[in-house]
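In case you want the letters, here they are:
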Amino acid sequence: MSQGGVSKRILFLRRSLAAIEARGGPRAQLASERPAETPSRDPFERLLAALSVGGLGEIVPACPRDAAAAAGFAFALALRSGLTRSRPGVWVAEDMATAEIGLPYGRGLGAFGLNPERLILVRSRRPSETLWALEEGLKGRAAIVLAETWMAPGAYDLSTSRRLLLAARSGGGTGLLLLPHAAGAAGRLSSAAQIRFEVASIPIARGGLAERRLPLPGPLAWRLRIAESRAGLQGVQSGFDPSEWRDISFDPEKTVFCHAFPQRLPAPPFDRPDLARLRETA
Amino acid sequence: MRGCGKPPDAPFAVWTKIRGGDYLAAVDARAQKLGLKPGMAVADARAMRPSLRLEQADPQADADLLAAIADWHRRFTPLAALDSPDGVMLDVSGAAHLFGGEMALLDEIERRLTDQRFAARAALAPGPALARALARFSETRRIPPQTSQGGIEAAAARLPVAALRLSARAQNALIRAGLKRIGDLLERPRAPIAARFGAEALAQLDALICRTRDPISPRFDAPDFMAERRFPDGLTRIADIEATLEMLARDLCLLLERHAVGARRMKASFFRVDGVAKHIEAGTSRPLRDSARLVALLRERLAALAEEGLDTGYGFDVLRLGATVVERYESPQTALAAMNGASAGEESQDMADLVDKLGARLGLRRVLRIYPQESHIPEFAIAAVPASSPPPAAARREIQSPMRPLRLFERPEPIEAIALTPDGPPLRFRWRRALHEIAAFEGPERIAPEWWDAQERMSTRDYFYAEDREGRKFWLFREGLYGRESAHPRWFLHGLS
Chain B
1 MSQGGVSKRI
11 LFLRRSLAAI
21 EARGGPRAQL
31 ASERPAETPS
41 RDPFERLLAA
51 LSVGGLGEIV
61 PACPRDAAAA
71 AGFAFALALR
81 SGLTRSRPGV
91 WVAEDMATAE
101 IGLPYGRGLG
111 AFGLNPERLI
121 LVRSRRPSET
131 LWALEEGLKG
141 RAAIVLAETW
151 MAPGAYDLST
161 SRRLLLAARS
171 GGGTGLLLLP
181 HAAGAAGRLS
191 SAAQIRFEVA
201 SIPIARGGLA
211 ERRLPLPGPL
221 AWRLRIAESR
231 AGLQGVQSGF
241 DPSEWRDISF
251 DPEKTVFCHA
261 FPQRLPAPPF
271 DRPDLARLRE
281 TA
Chain S
1 MRGCGKPPDA
11 PFAVWTKIRG
21 GDYLAAVDAR
31 AQKLGLKPGM
41 AVADARAMRP
51 SLRLEQADPQ
61 ADADLLAAIA
71 DWHRRFTPLA
81 ALDSPDGVML
91 DVSGAAHLFG
101 GEMALLDEIE
111 RRLTDQRFAA
121 RAALAPGPAL
131 ARALARFSET
141 RRIPPQTSQG
151 GIEAAAARLP
161 VAALRLSARA
171 QNALIRAGLK
181 RIGDLLERPR
191 APIAARFGAE
201 ALAQLDALIC
211 RTRDPISPRF
221 DAPDFMAERR
231 FPDGLTRIAD
241 IEATLEMLAR
251 DLCLLLERHA
261 VGARRMKASF
271 FRVDGVAKHI
281 EAGTSRPLRD
291 SARLVALLRE
301 RLAALAEEGL
311 DTGYGFDVLR
321 LGATVVERYE
331 SPQTALAAMN
341 GASAGEESQD
351 MADLVDKLGA
361 RLGLRRVLRI
371 YPQESHIPEF
381 AIAAVPASSP
391 PPAAARREIQ
401 SPMRPLRLFE
411 RPEPIEAIAL
421 TPDGPPLRFR
431 WRRALHEIAA
441 FEGPERIAPE
451 WWDAQERMST
461 RDYFYAEDRE
471 GRKFWLFREG
481 LYGRESAHPR
491 WFLHGLS
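So the sequences go chain by chain: B and S. All letters in the first sequence, in the order written, are residues 1 to 282 by our numbering. All letters in the second sequence, in the order written, are residues 1 to 497 by our numbering.
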């Protein structure tokens with residue numbers, strides 16, 4: 001058989017594997033436990049929904065100073081996944097990353113509608129511990145495991161990420177790995193992760209109160225691109241252009257991402273809803 | 001003293017400085033034979049024996065070594081205490097028969113210490129003071145516990161008065177009075193002895209003849225429940241050690257079940273053939289009595305230890321697993337839970353297992369849950385509590401607060417900020433060498449220290465939530481009220497989002 005025939009056959013096998021994984025595989029049963037959500041028309045939303053069942057994603061800041069913005073995006077993804085007291089999320093913060101961008105702050109998380117009691121905060125010392133905690137958290141059926149590691153991009157490779165992906169599939173949760181040390185290297189990483197976001201911060205156009213000299217800060221918003229997305233993510237076409245940057249902002253009340261149009265004025269501080277409480281009663 | 005392994009035949013001594021002079025602190029057997037003794041001036045000793053090898057005494061190293069020896073002795077009994085500066089005291093009540101009797105136990109202790117190149121003498125007596133005296137001043141090695149008071153006194157009578165732990169002055173006074181043996185003291189009336197040599201002498205005497213029995217204070221508390229295995233040869237393979245731990249965990253769980261308790265904290269001790277003891281500890285977030293889970297936790301700790309290199313050396317010959325902290329734990333009702341299938345309770349069980357597993361490897365203080373607290377001070381408005389411990393008293397009232405960042409630095413980072421007016425909002429600031437131009441801000445939010453707290457510790461802070469030109473959001477504060485608390489308020493960056 002010719003060389004071309006072999007590669008064609010492998011290509012065919014790969015495709016059928018991806019199709020099997022997308023339809024059923026180990027995740028099918030877990031997925032069926034969840035209430036069927038009406039599929040969103042927005043491919044981006046569908047991608048995120050697919051990621052939330054047994055997926056592994058990576059988030060890389062576009063430049064070192066955007067590390068906090070990337071962490072904020074990861075937090076928004078965690079908020080979407082709906083944490084409960086009995087199935088909390090795990091946030092793994094490595095000491096080095098903590099020194100760089102600080103610890104998750106319970107009051108701030110609460111202000112965006114995440115009850116911090118639904119989060120287990122794990123503080124690791126080394127990248128190896130971070131990866132181990134991420135893997136154990138995924139295997140232990142946490143809803144979402146968010147790990148921030150100050151690992152050199154060279155140390156993170158295909159086999160490591162493959163392990164994490166398998167752990168995520170067996171547990172049915174989402175693994176998110178934040179790699180602030182790999183800032184700007186999103187295109188050069190090679191891993192088995194299903195999706196990789198490159199995140200930068202953007203100033204969102206905003207109106208100010210007339211008498212103020214400077215306007216009020218806007219809502220959380222990011223400029224991001226999907227640097228890598230694999231086929232087989234529950235039938236979502238990987239039709240994303242890796243060079244396309246999109247501006248999105250996060251609406252903490254509806255927990256959805258929306259396009260970062262200059263759509264609403266930030267309310268003055270005394271006139272804001274208490275988001276956490278609204279979510280509690282809902 | 002540990003004999004030197006490759007030493008020349010020269011006598012050896014260590015010296016120490018006492019009141020400006022150098023004196024011998026301890027001598028080895030060879031030096032002793034040559035007539036040197038502790039307390040001699042170094043110059044005299046050198047003059048007598050020019051070949052004498054000298055080292056400066058290191059009391060800390062001695063204490064560490066003694067502690068290690070005491071630790072090693074826990075292989076015989078969990079109750080091992082230090083008897084500084086040169087002894088170890090063991091409470092072997094009910095343990096001697098495991099080693100084939102009291103004499104056999106003494107022989108084994110001496111033999112094993114000799115193997116480690118320590119010169120040691122062991123003695124056994126009904127009371128700690130008597131055992132101590134026997135080991136140092138007598139050929140008798142053992143006075144059985146069932147000996148009558150008369151028998152004990154007869155045995156003690158032959159000891160020199162140095163066997164009492166008295167000050168050098170009191171001891172000299174005794175000798176000068178012609179009282180050389182304990183027997184001399186015993187046959188005299190007690191009142192004059194107390195009057196002349198102090199109540200301390202009598203107390204020591206009573207302790208020596210076991211009329212009063214002081215408890216020893218063990219270096220480590222003995223666990224309430226423990227299981228152990230001994231092997232004639234050391235275990236070197238990790239797989240063997242894990243298999244043994246499994247057996248021990250099963251034994252331990254039986255014990256725990258009989259007492260209706262569950263382990264909250266356990267400790268596995270490994271005693272190496274050559275006298276090194278290693279301990280690993282693991283805690284749990286709820287009382288646990290399932291041997292498989294206990295082993296899983298210990299395995300995590302063992303794996304963490306193996307990463308640093310678990311030196312098995314010639315092998316571990318005693319393995320012990322103890323539950324150091326236990327809590328009441330009734331058997332869970334299994335039948336109903338099984339019927340309900342994957343209930344919410346099972347999910348939280350999963351989480352408890354996860355917390356235990358993470359805590360076993362990383363340390364319990366690194367697996368945290370965050371709880372809101374009643375405080376306006378940002379650092380104290382939340383409490384991070386180990387996830388394995390019960391939640392703290394909840395904040396009774398949710399404090400409504402304005403904008404808070406998603407991330408907070410453990411220590412506010414000093415920045416150089418420029419404001420238009422000393423008490424106005426910042427215009428631009430420099431953080432980690434990068435300049436940020438502020439494009440939008442909200443504030444100030446003034447947070448003053450609590451009035452009942454010490455005023456000097458913290459001054460009033462004015463917080464600003466600011467966004468720079470690139471859209472990055474910062475939470476800054478100015479410390480100190482301009483003009484009232486400080487002439488040059490300093491700026492800090494406290495959070496990011």
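Hint data in this document are derived by calculation from the structure and do not stem from the laboratory. Do not rely on the hints blindly, as some may be mistaken.
To be verified - Reference listing, derived: stretches of chain S covered by chain B, where coverage requires no fewer than 3 residues with Cβ under 8 Å from a Cβ of chain B: (1) 354 to 362; (2) 365 to 378.
Said to hold, decoys possible - Reference listing, derived: stretches of chain S covered by chain B, where coverage requires no fewer than 3 residues with Cβ under 8 Å from a Cβ of chain B: (3) 182 to 190; (4) 312 to 318; (5) 431 to 440; (6) 470 to 476; (7) 480 to 488.
The structure presented is a predicted model; accordingly, all values stated were derived computationally and were not measured. Idealized CB from N, CA, C, for every residue including glycine.
Taking the hints in turn, this is what the structure says about them:
Counting residues of the region 354 to 362 of chain S whose CB lies closer than 8 Å to any CB of chain B gives 6, which reaches the minimum of 3, so the coverage claim holds. Residues of the region 365 to 378 of chain S with a Cβ under 8 Å from some Cβ of chain B number 8, which satisfies the need for three, so the listed coverage holds. Counting residues of the region 182 to 190 of chain S whose beta-carbon sits less than 8 Å from any beta-carbon of chain B gives 0, not enough to reach three: the coverage restraint is violated. Check on the region 312 to 318 of chain S: 0 of its residues sit with their Cβ under 8 Å from a Cβ of chain B, so the three-residue criterion for coverage is violated.
Judged by the Cβ-Cβ criterion of 8 Å, the region 431 to 440 of chain S is covered by chain B as claimed, because 4 of its residues qualify and three suffice. A stretch counts as covered by a chain when three or more of its residues have a beta carbon under 8 Å from one of that chain; for the region 470 to 476 of chain S and chain B the count is 4, and the coverage holds. Here's how the region 480 to 488 of chain S fares: 0 of its residues keep a CB closer than 8 Å to some CB of chain B, so the rule of at least three is not met and the hint is violated.
Taken one by one, the earlier hints fail for this structure at numbers 3, 4 and 7, listed in ascending order.
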